[in-house]
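Colleague: Listed below, chain by chain, are the residues.
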Amino acid sequence: MSVLIFLDQSEGHIKKNSLEAASYGAKVSEMLNESAEGIVLGNVQDDLPSLGKYGLKKIHTVKKDSLDNFDDAVFTDIIAEAAKSMNAKVIIFSNNFNGKAIAPRLSVKLKAGLVSGAVALPQLSNGFIVKKNVFSGKAFANVSIKTDIKIISLNANAYKIDEREGTAEVVDFNVSVPDSKVKVKKVDKVAGEVPLAEAEIVVSGGRGLKGPENWQIITDLAKALGAATACSRPVSDSDWRPHHEHVGQTGLTIAPNLYIAIGISGAIQHLAGVNRSKTIVVINKDPEAPFFKAADYGVVGDAFEVVPKITEAIKKLKGI
Amino acid sequence: MKILVCISKTPDTTAKIAFTDNNTKFAEAGVQFILNPYDEWYALVRAIELKEADPSIVLHLINVGGADNDPIIRKALALGGDEAFRVNSNNTDSYYIASQIAEIATQNNYNLIFTGKETIDYNGSSIGGMVAELLGLPYISLATKFILEGTSCIVTREIEGGEEVDEVNLPIVVSCQKGVAEQRIPNMRGIMGARSKPLTVKEPINADVLTSIDSFELPPAKAGVKLVAADNPEELVRLLHEEAKVF
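Chains as they are written, first to last, in the working numbering: chain A, 292 to 611; chain B, 300 to 546.
Excised from the complex, chain A in its bound form (with noise of 0.2 Å):
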């Protein structure tokens, strides 16, 4: 028996928040005593062994050209073929864009209930029961999974990647491809950013900034803390900023350990995309504002001065 966890991949590399999902499917395997095997999907570059050290004792890959493009429908059935072949009680998947589309498939394909949005460990002294998010990240719900079969899909920055000595045995897994239905026409990517459903830190920027040439403030903080740049709708909506960067209810949600808020008031459908944030900082000339409500720090003051003080301030700490 085994805990089976996804390891998504991307132009070659296993991504960030699937070794979240290698961390914490690692764990639940100590609390089951049952091994923790990852499967891969397509050609890597990563050297696999090493995942061992997220406590990952096999990798089983399908190195096929064609696996490179995904396609829910094919990675469900090769996962499928695999979680039956090494009898894994407990599939883990990565919340992310590819984990929402296979997760929901796979549950139906192996009739094995699905909590989706983990944010922590399974509670097993009752059955199996595993807290997710709910209403926009202003509560929790703990869901019990009935089946026999359960599948998790971890939220981005829930679960801490923890190292530890170990090598992974790799293994390929024969398993016949299936044809995709899908035909991947074009893959556009900003090359060279901290992608923001990823990042740890995440600086954002709204109306009160009043113009994308006022932008530089915003990427020099971010490129000082390393960290990845996000937007309020508005500022998204008058294309200041590209879309993909837009944090809130419409936009991405994201739940990073630092969100720095500037120059945006904090209305209710930006907050449910960023209340998971582990701790928030807001800098915002109104005091009034309403985000100051939901922040950990504030700072009452014009961006243009605070916050270059606070990138100097940062590149003096870190030394840059």
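Hints are computed from structural coordinates only; laboratory data are not their basis.
Nothing here was measured: the structure is a model prediction, and the numbers come from that model.
By construction, the Cβ of each residue, glycine as well, lies at the ideal position given by its N, Cα and C atoms.
One or more of the hints may lead you astray.
Claimed, not checked - Quick list of the computed label-pair ranges, beta carbon to beta carbon:
1) B:461 to A:412: 26 to 36 Å
2) B:487 to A:337: 58 to 68 Å
3) A:478 to B:542: 38 to 48 Å
4) A:529 to B:446: 17 to 27 Å
5) B:435 to A:378: 18 to 28 Å
6) A:525 to B:321: 33 to 43 Å
7) A:584 to B:332: 22 to 32 Å
The hints should help you fit chain B onto chain A, whose structure is shown.
Modeller: Relative to chain A, chain B alone:
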């Protein structure tokens, strides 16, 4: 061409979230309920746009819920759509709900099934993928653009730090998010017309329930904001470094 849009009822975005019955039930008293924004603004409006471009398209809506969902379904019909089904069940398990939708879909042979990216209450993002698997159809999740091209479609989906453009033959299931369409407000003609559109209540089929909610809990209250003077950036950086330990 037949399109099915899955719609859900959720508490309003600004609703106060509280629980009753020893934290096992959402406190509905005084809460305003709305059509789930992702279902309404993106999935439904895009389907209406497709029907406006090709009036021969038949547009159906489906909701799984109790009779108190009917006003929400009427609102959706006021925006557009020819007729609606409500499967009479209050079960909230995703697999159970997807099974009910798949049953209606099997009876009606849709070319296209739209859902919103998730509901703003349970945030599961699961129904679309489950319906697709139950029906053996391709599924594109979290679409930001949907273009119909004869018997196939071009769908743009969000990926980490970018997007991917896919071409898929119909029939297909697509979950829709921002970008797919723009929010609309129903007009008086639509509201009047919605009253006479068929809303058929169906009894649920037998389906398994794979999960259940044991209890809810609220996050611990924030300690309150700690304000730092604007002329003392070093203090903010010190607090983040030493107290919050975020870098």
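Colleague: With reference to the structure, classify each hint as holding or not holding.
Modeller: Outcome of the hint check:
Checked against the hint of 26 to 36 Å, the pair residue 461 of chain B and residue 412 of chain A passes, with Cβ atoms roughly 32 Å apart. A beta carbon spacing of about 59 Å between residue 487 of chain B and residue 337 of chain A agrees with the range 58 to 68 Å that was offered as a hint. Residue 478 of chain A and residue 542 of chain B have their C-beta atoms about 42 Å apart, which keeps the hinted 38 to 48 Å range intact. As the Cβ distance of residue 529 of chain A to residue 446 of chain B is approximately 25 Å, the hint placing it in 17 to 27 Å holds.
A beta carbon spacing of about 26 Å between residue 435 of chain B and residue 378 of chain A agrees with the range 18 to 28 Å that was offered as a hint. Look at residue 525 of chain A against residue 321 of chain B: about 42 Å separates their beta carbons, and that is inside 33 to 43 Å. Between residue 584 of chain A and residue 332 of chain B the CB atoms are about 25 Å apart, so this pair conforms to the stated range of 22 to 32 Å.
In summary, the structure agrees with every hint in the numbered list given earlier.
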